[in-house]
Amino acid sequence: MFDLQRRGGVMLAPLHSLRRRSVPFALDRMLIRKAIGQSSLLFAALAIALFAFGWVRVWVVTLLDMQQFQNVLEQFRDYEKFAPISFDALFTYSGRVGMTFDEPIVILCTVIWCIARGSDVVSGELGRGTMEMLLSQPISRAQFLMSHALVSVVGLLLLCLTLWAGMAVGIEVTTLTETIPPPSVRVPFTSLVIPLSDEAPQQITVPLSDRVDALAYAAATFHLFSFGFFLLGLSTLFSSIDRYRWRTIGGVMTVYVVQLVMYGLGKAAESLRFLQGLTFFNCYKPQKMTAMVNEGGASAPWNWTQPISDGWLPPLVYPLILLCLGMICYAIAMRTFRRRDLPAPL
Amino acid sequence: MTLPTDRPDDPPALPVEISAAPDIPYGLPEHCGQAMVRTCRLSKSYGNFTALSDCSLEVSPGEIFGLLGPNGAGKTTLIRALLGHLHPTSGKSLVAGFDPQVDPVAVRRHVAYLPGDARLPRHMNGKGVLEFFAEIHPSGELSRSLAVAEALELDLSRRVAFMSTGMRQKLALAVVFGPRTPILILDEPTANLDPTVRGQVLEEVLAAGRDGRTVMLSSHVLSEIEQTCVRVAFLRRGHLAHQLTMSDLFQRHRVVARTESPLQQPTNRRSKTTALDSEARKKTTASADAASATASPATPDAMARRGDREAAFWEVPSELRSSVEVGWLDDGRIRIDTAGDLQPVLGWLSELPLVDVRIEPLGLHAVYRSVHFGDEAVVSAGPPCSTSSDVGA
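As given, the protein sequences belong to chains A and B, one line each in that order. Read left to right, the first sequence gives residues 562 to 907 (the numbering used here). Read left to right, the second sequence gives residues 61 to 453 (the numbering used here).
Worth flagging that the hints you see were computed from the coordinates, not collected in a lab. All C-beta atoms, glycine included, are put in the ideal place defined by N, C-alpha and C. Keep in mind that the hints are not guaranteed to be accurate.
Claimed, not checked - Example chain A residues on the side facing chain B (calculated, C-beta under 7 Å, incomplete):
| # | residue |
| --- | --- |
| 1 | Glu693 |
| 2 | Met694 |
| 3 | Ser697 |
| 4 | Gln698 |
| 5 | Leu753 |
| 6 | Leu903 |
| 7 | Pro906 |
As the list claims (entries may be wrong) - When the alpha-carbon atoms are kept at most 20 Å apart in a straight line, the in silico SDA-like pairs for lysine to any residue are as follows:
| # | chain 1 | residue 1 | chain 2 | residue 2 |
| --- | --- | --- | --- | --- |
| 8 | B | Lys187 | A | Ile593 |
| 9 | A | Lys642 | A | Gln631 |
| 10 | B | Lys187 | A | Arg594 |
| 11 | A | Lys828 | A | Leu874 |
| 12 | A | Lys828 | A | Arg638 |
| 13 | A | Lys642 | A | Gly838 |
| 14 | A | Lys642 | A | Asn632 |
| 15 | A | Lys828 | A | Val818 |
| 16 | B | Lys187 | A | Gln599 |
| 17 | B | Lys187 | B | Phe222 |
| 18 | A | Lys828 | A | Phe637 |
| 19 | A | Lys642 | A | Asp663 |
| 20 | B | Lys187 | A | Arg590 |
| 21 | B | Lys187 | B | Glu210 |
| 22 | A | Lys828 | A | Glu641 |
| 23 | B | Lys187 | A | Ile597 |
| 24 | B | Lys187 | A | Leu695 |
| 25 | B | Lys187 | A | Gly598 |
| 26 | A | Lys828 | A | Glu664 |
| 27 | A | Lys828 | A | Tyr640 |
| 28 | A | Lys642 | A | Met660 |
Could you build the full structure based on these sequences and the hints that come with them?
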């Protein structure tokens with residue numbers, strides 16, 4: 562309570578009694594509420610899209626028989642090098658469901674959230690002219706930025722979990738039909754298969770959860786979060802420098818596209834393979850994590866000592882690199898924002 | 061206690077006296093000294109452009125202080141530097157005893173600020189905005205903000221995005237008048253408001269002053285400054301050109317009259333150091349010379365006929381010399397600016413061969429014009445007003 566004193570019928574607050582009402586760790590409760598209010602609509606839309614897509618994507622997997630899927634994929638064997646993992650790792654239901662994390666819709670939703678929220682923090686407020694009134698209140702720039710960042714990061718985490726939840730629901734409620742061929746025997750040293758019965762192939766229906774464990778995608782979800790966290794940090798960094806949000810978004814998208822092109826070129830040409838190591842996309846390996854779970858168990862993606870088969874670093878290090886890069890971006894953004902002049906509203 | 065200086069070429073540290081807490085409700089902390097706002101040679105440059113240059117001023121606790129100047133004079137730059145939004149190129153400042161560059165949060169804890177272009181979160185409705193700002197400021201008071209909004213007849217159920225410019229300004233005023241902070245900084249608070257609401261806002265400013273709050277008011281409307289402020293500073297091209305106490309201004313008058321016969325303008329006009337721009341001064345002198353040539357053809361014969369009378373006319377009694385300034389208007393009329401009590405001046409005036417005498421208070425408009433268009437006499441007449449060279453250093 563403030564130590565108020567009455568004078569002339571007016572409640573007056575002496576200077577020394579003025580205190581902040583804030584939550585710890587340099588965050589401000591009201592700023593957090595404001596950020597939630599501003600982002601809730603976008604979050605709701607993206608969460609619904611990701612949940613629904615995760616569910617539908619799993620269901621779509623069951624529509625295509627594994628044998629048919631294998632035949633289709635074999636047609637593109639020449640382009641396997643562009644795939645995040647080998648085609649053979651995809652010839653499982655788990656591998657096919659794991660492809661969800663590389664679907665354009667998932668990436669798009671994540672990128673939209675990260676760039677929208679990251680670009681809003683400084684240049685967005687400056688562009689709208691609301692920064693002047695907000696920072697005229699007794700809140701520090703660090704509080705302002707961190708409160709916004711908290712909402713963005715938690716929102717990102719929830720979006721990733723929403724996708725995972727959608728996939729988990731899809732796995733639980735979806736059934737698949739498998740064809741069991743009649744018993745047969747293969748003649749040794751020949752390719753001859755002799756049926757032992759003249760019965761028609763038997764079709765059975767099994768729950769997808771018998772073939773796929775939703776927990777196998779925990780590491781992939783963590784990778785998606787790390788990917789988004791880096792983008793959030795990058796967007797925040799650009800935003801902290803700029804005063805126009807459209808320019809911030811343009812800058813981040815330019816970096817994104819350039820990195821994507823570098824990654825693609827690194828995949829396409831052996832001589833340019835080094836480019837892969839220079840892009841943050843190289844650290845986003847959700848399908849690889851899924852494959853590792855299938856091969857080495859649930860704990861395989863969390864190893865931080867044993868390098869992965871076709872990479873230089875242990876599996877856990879890749880998302881940690883993204884997280885570290887995101888943290889560095891946030892740190893630079895904080896420093897820049899605290900030192901810069903705030904332009905007056907235009 | 062003094063502010064630490066980091067570099068040898070820093071401006072001198074602001075002397076801050078330790079004194080007992082002033083006997084006002086919004087008193088300063090003990091470490092703050094006498095001034096609620098104090099700047100010392102505060103400058104802000106953007107590349108080659110200097111927005112604020114060597115601005116030194118003080119605002120006392122409980123004072124309503126006006127900032128005047130044309131667009132781009134540096135008023136908003138000064139205010140935003142005081143709040144820590146801008147990092148000064150050089151100079152120091154203290155607000156409520158805190159350096160905005162060292163502890164801007166502490167500064168803003170003691171300040172309620174209305175920006176010149178107040179924009180509020182568009183996704184909130186009016187009441188939500190008031191709740192938000194009342195909650196975020198430690199001395200925020202929602203009931204008071206709501207009362208101000210009601211007095212301004214503001215529809216709080218409407219979302220900010222759908223409010224008109226005037227409504228948004230009213231809402232911002234309700235936000236700013238909510239917290240009971242020791243300092244209130246208002247940058248053009250009556251912009252976009254109708255005359256009735258303007259009056260209410262000015263009354264609120266006066267009430268803040270009566271409550272002992274320190275108010276800094278930036279405005280282009282001279283009558284509002286006259287109506288509310290105790291003291292006023294004029295900024296021009298980033299320089300603090302002039303400071304004036306309103307009580308002194310109200311004691312200043314201008315006598316305009318015609319002489320019974322044309323007289324030659326005096327050549328020994330008193331010169332006084334002001335912050336006037338030299339170009340503007342030259343322009344004024346040139347126009348005055350031109351006017352004198354038209355009004356009083358100084359032929360040798362005419363000079364000879366009027367010699368004694370003219371000399372007597374220009375001989376201002378010694379006891380009035382410190383408070384009287386004589387000059388000419390462009391239309392050839394004589395102009396006598398006075399400061400202080402009119403009684404002794406009236407006696408002298410009655411002896412002069414003047415006709416069509418008119419005495420009028422020397423309003424802020426005349427001072428404003430003098431500062432910005434170079435009429436040195438208005439600025440310099442009367443009791444010396446502090447200028448940028450003698451404030452706060």
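Results for each hint:
1. The beta carbon of Glu693/A comes within 4 Å of a beta carbon in chain B, closer than 7 Å, and the hint placing it at the interface holds.
2. This hint holds: Met694/A has a C-beta 6 Å from the nearest C-beta of chain B, less than the 7 Å allowed.
3. Contact between Ser697/A and chain B, as hinted, is supported at the beta carbon level, the nearest pair being about 4 Å apart and thus within 7 Å.
4. Among the interface hints, the one on Gln698/A holds; its C-beta lies about 5 Å from the nearest C-beta in chain B, closer than the 7 Å criterion.
5. The beta carbon of Leu753/A comes no nearer than 72 Å to any beta carbon in chain B, farther than 7 Å, and the hint placing it at the interface is violated.
6. Annotation: Leu903/A was flagged as interfacial toward chain B, and the flag holds, the nearest CB pair being 4 Å apart, inside 7 Å.
7. Interface restraint check: Pro906/A against chain B, minimum CB-CB distance 5 Å, threshold 7 Å, status holds.
8. About 18 Å separates the Cα atoms of Lys187/B and Ile593/A, which keeps this hinted pair within 20 Å; it holds.
9. The straight-line distance between the Cα atoms of Lys642/A and Gln631/A is roughly 17 Å, inside the 20 Å bound, and the hint therefore holds.
10. Proposed proximity of Lys187/B and Arg594/A is supported: the alpha carbons are some 15 Å apart, at most 20 Å.
11. Restraint check for Lys828/A and Leu874/A: satisfied, since their Cα atoms lie roughly 18 Å apart, inside the 20 Å limit.
12. Taking the CA atoms of Lys828/A and Arg638/A, the gap is near 15 Å; set against the 20 Å cutoff, the hint holds.
13. Note on Lys642/A and Gly838/A: the hinted pairing holds, with a Cα-Cα distance of about 16 Å set against a maximum of 20 Å.
14. Among the hinted pairs, Lys642/A with Asn632/A is consistent with the structure: their alpha-carbon atoms are about 18 Å apart, no more than 20 Å.
15. A threshold of 20 Å between alpha carbons decides the hint, and for Lys828/A with Val818/A the separation of about 15 Å falls inside it, so the pair holds.
16. Our distance criterion of 20 Å between C-alpha atoms is met by Lys187/B and Gln599/A, whose separation comes to about 16 Å.
17. This hinted pair checks out: Lys187/B and Phe222/B have alpha carbons roughly 14 Å apart, not beyond 20 Å.
18. Taking the CA atoms of Lys828/A and Phe637/A, the gap is about 15 Å. The hint holds against a cut of 20 Å.
19. Taken as a hint, the Lys642/A and Asp663/A pair is honoured in the structure, with Cα atoms around 15 Å apart against an allowance of 20 Å.
20. Of the pairs offered as hints, the one joining Lys187/B and Arg590/A holds, with about 18 Å between alpha carbons and a cut-off of 20 Å not exceeded.
21. For the given pair, Lys187/B sits about 11 Å from Glu210/B by alpha-carbon distance, which is consistent with the 20 Å threshold.
22. Using a Cα cut-off of 20 Å, the hinted pair Lys828/A and Glu641/A holds, with the two alpha carbons roughly 10 Å apart.
23. Restraint check: the Cα-Cα separation between Lys187/B and Ile597/A comes to about 18 Å, which is no more than 20 Å; the hinted pair holds.
24. About 16 Å separates the Cα atoms of Lys187/B and Leu695/A, which keeps this hinted pair within 20 Å; it holds.
25. The straight-line distance between the Cα atoms of Lys187/B and Gly598/A is roughly 15 Å, inside the 20 Å bound, and the hint therefore holds.
26. For the suggested pair Lys828/A and Glu664/A, the alpha carbons sit about 18 Å apart, so the restraint of at most 20 Å is met.
27. Distance check on the hinted pair: Lys828/A and Tyr640/A sit about 10 Å apart at the alpha-carbon level, within 20 Å; holds.
28. Taken as a hint, the Lys642/A and Met660/A pair is honoured in the structure, with Cα atoms around 15 Å apart against an allowance of 20 Å.
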